[in-house]
Amino acid sequence: MKITTILTLCLSFMLSAGLQANSQADPLNSVMWDYNRQIFLGNNAEYVFDDRIKVGVPQFAEDPTQVPVDIDATALTGEIVRIVSWADMNPIQHIFTYYPHPDVLPKVSMRIKVQQATPVRAAVLTKDGVWHIGSSWLEAAGGGCTTPSVGNADPYWESHLGETKSRVFKGAQSSRYKFRVIHPMDTGLVGSIPEFFIQQVELRDKSGRALARMELSPPVSENPVITFDLRTTDAKHHLWLRDNNGNEFEKAL
Amino acid sequence: MLNKTIGAFISVVLLVWGGQVLALEYQLQPKQIAPNTYLLQGKMQDFSRENGGNIMNTAFVVTSEGVVVFDTGPSRRYGEAMRNAIAQVTDQPVAHVFNSHQHPDHFLGNQAFADVDIWALPKTGEQIAQHGNAYAENMYRMVGDWMRATELQLPTKPLEQDLMQVGDHRFRFYSFTGHTGADLVMVDETTGVMFAADMVFFQRMLTTPHTPGIGTWAKELRELAAIPFKLMVPGHGPVVHDTRAVEQMLSYLDWLDRTLTESAAQGKSMHEVMQSKLPASLAAINLSREEFVRSVVHLYPDYEEAAF
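Protein chains in written order, with numbering that gives the first Met the number 0: chain A, 0 to 252; chain B, 0 to 307.
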């Protein structure tokens with residue numbers, strides 16, 4: 000065997016091994032996987048599909064403007080830097096980016112809009128620089144992102160914008176913070192109705208330190224209902240929200 | 000050689016074509032359930048390309064002055080098949096058609112009866128006018144070619160009276176709201192048959208997308224069960240001679256109300272509620288899990304709101 004052949008073989012082996020480490024096949028075989036991965040994780044980010052990341056969605060989107068999504072990364076060991084969630088086939092793919100403090104369980108629930116059947120993803124970045132990906136397939140008839148918000152047919156939201164209801168549900172090991180805020184969460188995809196949505200959510204402790212920090216995108220459903228789970232059960236917290244028009248809302252929990 | 004090829008080609012074409020024609024026949028078999036009274040019982044399933052949307056019960060009564068039709072099915076094709084099925088049983092013309100409520104499997108066969116008075120509760124007429132086209136589009140998506148040429152045919156007569164004598168049969172009408180906000184129940188007082196439409200489901204889990212509230216539905220079910228009847232025809236599922244269909248529904252509605260109330264009090268997310276386990280007696284009902292998950296989407300936000 001010629002040396003050049005051996006070299007070529009070695010080189011191609013190295014190349015393919017390198018490729019494999021960086022391009023695990025998408026279990027849902029989505030045409031949008033690589034595109035979204037490059038945008039949300041970066042071109043050369045290291046990632047693994049990881050069954051410990053649970054993306055809970057129903058099989059079918061009964062109401063494409065209100066699809067429940069639970070993201071749960073509590074089975075993951077190692078410190079979490081952030082969680083990015085998106086829906087592959089949505090016209091606006093990004094749903095949220097979540098920065099959970101170590102005192103907060105890496106677990107969140109909300110409702111989202113979908114435009115058609117789609118994979119829903121949660122990518123969890125751990126401190127070692129690896130992204131752990133959880134995915135679920137959601138069937139849908141569609142139209143959730145281009146349907147005017149219910150609020151648009153009813154001026155109720157104009158006088159109640161940012162009005163928040165909340166409650167703490169104490170458990171033995173942790174406590175759940177659940178809130179509902181009045182906001183149209185307009186996607187900008189409906190004729191003559193510009194994007195108008197809550198962009199930032201922070202759960203702060205007494206000193207103003209953010210325990211849970213979240214960036215939302217318009218696919219989050221109108222009048223968002225969101226839950227956070229905290230490891231502590233007694234401390235006083237408050238919620239701070241800001242929309243893309245600069246309106247700020249605060250609420251003691 | 001050429002002949003063989005052509006022959007094979009023709010038989011393939013015939014097979015495919017023949018198969019399709021067979022597949023898109025509703026094969027309606029009217030079953031006599033009382034004197035002059037016939038039922039076309041649908042499958043206890045969800046809408047699919049296999050069943051063509053034939054998942055509901057329709058019925059007709061042959062009176063001495065024409066046929067009274069109760070609901071027309073999910074498509075033009077179904078309406079036409081129903082009309083043929085009626086013609087197999089009687090030479091009488093169709094005299095009156097009733098649409099029980101706004102859901103597409105109960106009125107999208109109306110085109111086949113466009114030459115007859117089509118009655119519906121006034122509010123049902125408004126609901127069909129408002130949502131009918133969207134329902135039809137959704138049906139095309141779910142059951143496909145079975146829907147071909149189906150278009151919205153509105154009810155033509157707002158039903159405001161309580162009583163109607165048609166030949167030798169006397170019909171009494173009850174207006175409820177529990178299933179969709181306007182739900183017609185028709186009792187043939189001559190035979191004692193109650194056409195309950197989707198106010199009543201039996202052995203097929205009830206659906207809640209337009210209910211004004213399951214408390215309202217439960218209350219009206221108790222009223223309905225007090226109306227005298229000999230035979231009850233549910234909108235979905237087999238006929239019954241007693242109130243067991245109503246009791247099955249009440250038991251589910253009660254469980255559903257308790258489950259949603261308790262879940263909201265515990266702060267559960269919508270997805271967590273969907274994981275609830277149904278008791279065995281309810282889990283045995285067709286499509287119980289699927290319909291429970293759908294109902295959580297329809298109903299849970301109000302329970303959450305009340306629990307804040």
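One thing to keep in mind: the hints can contain errors.
Said to hold, decoys possible - Heads up, simulated DSSO-like pairs for lysine-lysine below, C-alpha to C-alpha not over 30 Å straight-line:
1. B:Lys-229 <-> B:Lys-122
2. B:Lys-156 <-> B:Lys-30
3. A:Lys-169 <-> B:Lys-42
4. B:Lys-30 <-> B:Lys-276
5. A:Lys-250 <-> A:Lys-169
6. B:Lys-156 <-> B:Lys-122
7. B:Lys-30 <-> B:Lys-42
8. B:Lys-42 <-> A:Lys-53
9. A:Lys-164 <-> B:Lys-276
What the hints contain is simulated information worked out from the structure, not anything from laboratory work.
Checked hints:
no.	hint	verdict
1	B:Lys-229 <-> B:Lys-122	holds, 29 Å
2	B:Lys-156 <-> B:Lys-30	holds, 28 Å
3	A:Lys-169 <-> B:Lys-42	violated, 46 Å
4	B:Lys-30 <-> B:Lys-276	violated, 37 Å
5	A:Lys-250 <-> A:Lys-169	holds, 18 Å
6	B:Lys-156 <-> B:Lys-122	holds, 11 Å
7	B:Lys-30 <-> B:Lys-42	holds, 14 Å
8	B:Lys-42 <-> A:Lys-53	violated, 36 Å
9	A:Lys-164 <-> B:Lys-276	holds, 29 Å
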